[in-house]
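Based on the provided sequences and hints, a complete structural model is requested.
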Amino acid sequence: MSSNQTDPSGSDPLRLQADVLIIGGGPSGAWAALAAAENGTKVVLADKGYLGTSGATAPSNTGTWCVAPGEDRAQIVERRWQRTAGLADPRWMLRCVDRAYENLLKLVEWGYPFPSEDDGKLYIANLRGPDYMAFMRRRVLLAGVTVLDQHPALELLSNGETVTGAAGVDRQRNRDWRVDAKAVVLATGGCAFHERILGATGLTGDGYLMAAEAGATLSGMEFTGKYTLAPHGSSLNKGLPFRWATFYREDGTEIINSDGEPLRNGIGEREKEIARAMIEAPVYARLDQAEPVLQDWLRQGQPNCFVPYSRMGIDPFKALFRVTFKAEGTVRGTGGIRLATSDCGTDVPGLYVAGDAASRENMTGAMSGGGAVNSSWAIASGWWSGQGASQFAKRHEQRSAFRSTSSPLGEAGLRPAGTTKPGLTAKNVIAAVQAEVLPLEKNYFRDGDRLEASRQKLDTLWSDVRHHLAGAGVDRYRAREAAAIAATGRWSLNASLARQESRGMHRRADFQSNDPAFTRPILVSGIDHIRVEAAEPVQHGKERAS
Amino acid sequence: MIEVISESRCIECDICVKVCPANVFDKTGGAPVIARQDDCQTCFLCEIYCPTDALYVAEYADGPVAITEAEVEERDLFGSYSRALGWKRGKPGGTQFDPTHRIRVAQV
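Protein chains in written order, with the working numbering: chain W, 1 to 546; chain B, 1 to 108.
No wet-lab data here; the hints were simulated from the structure. Errors might be hidden in some of the hints.
Simulated crosslink set (DSS-like; lysine-lysine; CA at most 30 Å straight-line) [to be verified]:
{"hint": "1", "chain 1": "B", "residue 1": "K27", "chain 2": "W", "residue 2": "K427"}
{"hint": "2", "chain 1": "W", "residue 1": "K457", "chain 2": "W", "residue 2": "K442"}
{"hint": "3", "chain 1": "B", "residue 1": "K18", "chain 2": "W", "residue 2": "K427"}
{"hint": "4", "chain 1": "B", "residue 1": "K88", "chain 2": "B", "residue 2": "K18"}
{"hint": "5", "chain 1": "B", "residue 1": "K88", "chain 2": "W", "residue 2": "K106"}
{"hint": "6", "chain 1": "W", "residue 1": "K121", "chain 2": "B", "residue 2": "K91"}
Covered, in the sense of this in silico footprint (three residues per stretch, anywhere, with C-beta under 8 Å from a C-beta of chain B), are these stretches of chain W [stated by the list, open to error]:
{"hint": "7", "segment": "106-118"}
{"hint": "8", "segment": "409-419"}
{"hint": "9", "segment": "435-444"}
Under 8 Å between C-beta atoms, here's a sample of chain B residues computed to sit facing chain W [to be verified]:
{"hint": "10", "residue": "T52"}
{"hint": "11", "residue": "F97"}
{"hint": "12", "residue": "I103"}
Ideal Cβ positions, reconstructed from N, Cα and C, are used throughout, including at glycine.
Here is the structure:
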């Protein structure tokens, strides 16, 4: 049991050396590890939880954006680009589908049990999370990667020029760890502000904070207005079954949409109307638009959605059940660490980023990439970042002599400027941030005045965090998570205020239309003092061309 | 969230301690204990990794509920998620029969 939690150093610290350190054990971290190992480098992967169950993919069932090579690939990418509100980059989209397709074929070659279509061909455009990640764990171990489970990272190390590793805690053995590495890949996922959703409660923006402390820039942090329906009180933010839902009030009367018809389909264009209805009063749903054969497919294909209904003792195809919108922050939003190079390098030498930790604006612009696109992005960006980091490590072979000059970069939540305050706990900080960034009336429907009020509240909170928040022993990671959530909330609010228009999941009541002048990413950097700037306009934007 | 560890089903292998992504369980001399229930993210993965179906995660994620081992047993809920997936004795299985591709066609 955790008797040692007040001792900051615990037992003897673990110290390892590697060419490449990967932080995070979801799909992008696993693919990064495989690519770096294939490139002949020594790889350590450290995960907060367990490689195989960590991250948003493991408990889910996700499609991939799977486009076979051929003449129509360019057209399919172009059609998808039309749905990105002008901010995506077709060049990145094209190379992502290419890399993801190649890697899905690697899974076939390695014997992953894909289902077959009626004609006997393997269907590779879907990955069942638990099976996929259990399989990836075996591949990563087979590749000779050292895997550190239950080892949350607290901070990066730097020699002043490049990132030289990371340090953290082994939360089951109550000891510190430190890995000196020539390059680091952040595969830490997005930030869902500690909302209780499947696989994403542990995604707290740790990588953003670590990257920002090293000097990296973030992009697209205003795109956090993504919500998905779930049975009330559950963790099941899986939208697919709600494709066949009708929405009701508690007394069983149908909610009527703006065209005078019953409100249906929770993942389509009417989502906004469901959100508005939910702000007024509780909303109920019934999956009454699903034909019997589809009901069977849903039950068999989405057991993570349907087993819980049976545990509640309800038949969702027949009975009304209360629903809620779960906030998904940047997990299904698109913001993250800005990519500076095509091999997923950041603005900081030696620091690479993969999966949801990276901004996905290149792939999905202002729209959610939840599910298929993010899944293919995790595969492709994981692979590129692993290659990029291992190449960087090879170019810096001689650097080991300078390791002694490495110093830790962590500040907020780890090394407060003043003494700790007893009332200021990680839990309280997270609740205060959630009050500003989760409610539909603040974050789904945005407004300049409300955003400004939230920004001021979080600035005050940040001052407290910076001066007084810290944890002891293994619980240091909890204070660090709270600091990362608070920092992410402030970046999101600052970026949301700067984007004075509406685009995709960024909906401003005071700037309701799309403004071509904003066909460009909003960049944020800095921690105590946040700098906001508009990037160069997106060059391939059709708005510019016309 | 995680509600029940059945001591009669548990073989004290501590796999749940190892695989929980939120580090909810602690080892003891015998069956593991739920040491940090509030950290549970209700992902149900401990259930399917358990080789003897000794764990039960309630669907309610926002707080604990009152459900007993006897009720879980009576409603045949131990191992029900593993059975739905096709996982057996804590090992993956059944994804080759996943009909999700049919749903994705119907979704359009």
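How the hints compare with the structure:
1. For the hint pairing K27/B with K427/W, the CA-to-CA distance comes to about 25 Å; that is within 30 Å, so the pair holds.
2. Distance restraint check for K457/W and K442/W: the Cα-Cα separation of roughly 13 Å lies within the 30 Å cut-off, and the hinted pair is therefore satisfied.
3. Taking the CA atoms of K18/B and K427/W, the gap is near 25 Å; set against the 30 Å cutoff, the hint holds.
4. Using a Cα cut-off of 30 Å, the hinted pair K88/B and K18/B holds, with the two alpha carbons roughly 18 Å apart.
5. About 26 Å separates the Cα atoms of K88/B and K106/W, which keeps this hinted pair within 30 Å; it holds.
6. Between K121/W and K91/B, the direct Cα distance comes to roughly 25 Å. Compliance with the 30 Å bound is thereby established for this hinted pair.
7. Evaluation of the coverage hint for the segment 106-118 of chain W: fulfilled, as 5 residues show C-beta separations to chain B shorter than 8 Å, against a requirement of three.
8. By the rule of at least three residues with a Cβ nearer than 8 Å to a Cβ of chain B, the coverage given for the segment 409-419 of chain W is violated, with 0 such residues.
9. Using a Cβ-Cβ cut-off of 8 Å, 0 residues of the segment 435-444 of chain W lie near chain B, which falls short of the minimum of three, so the contact claim is violated.
10. Taking 8 Å as the C-beta cut-off, the interface hint given for T52/B is violated, the closest approach to chain W being about 18 Å.
11. Taking 8 Å as the C-beta contact cut-off toward chain W, the hint placing F97/B at the interface holds, the least distance being around 6 Å.
12. The closest approach between the C-beta of I103/B and any C-beta of chain W is roughly 5 Å, which is under the 8 Å cut-off, so the hint is satisfied.
When each numbered hint is compared with the structure, violations occur for hints 8, 9, 10.
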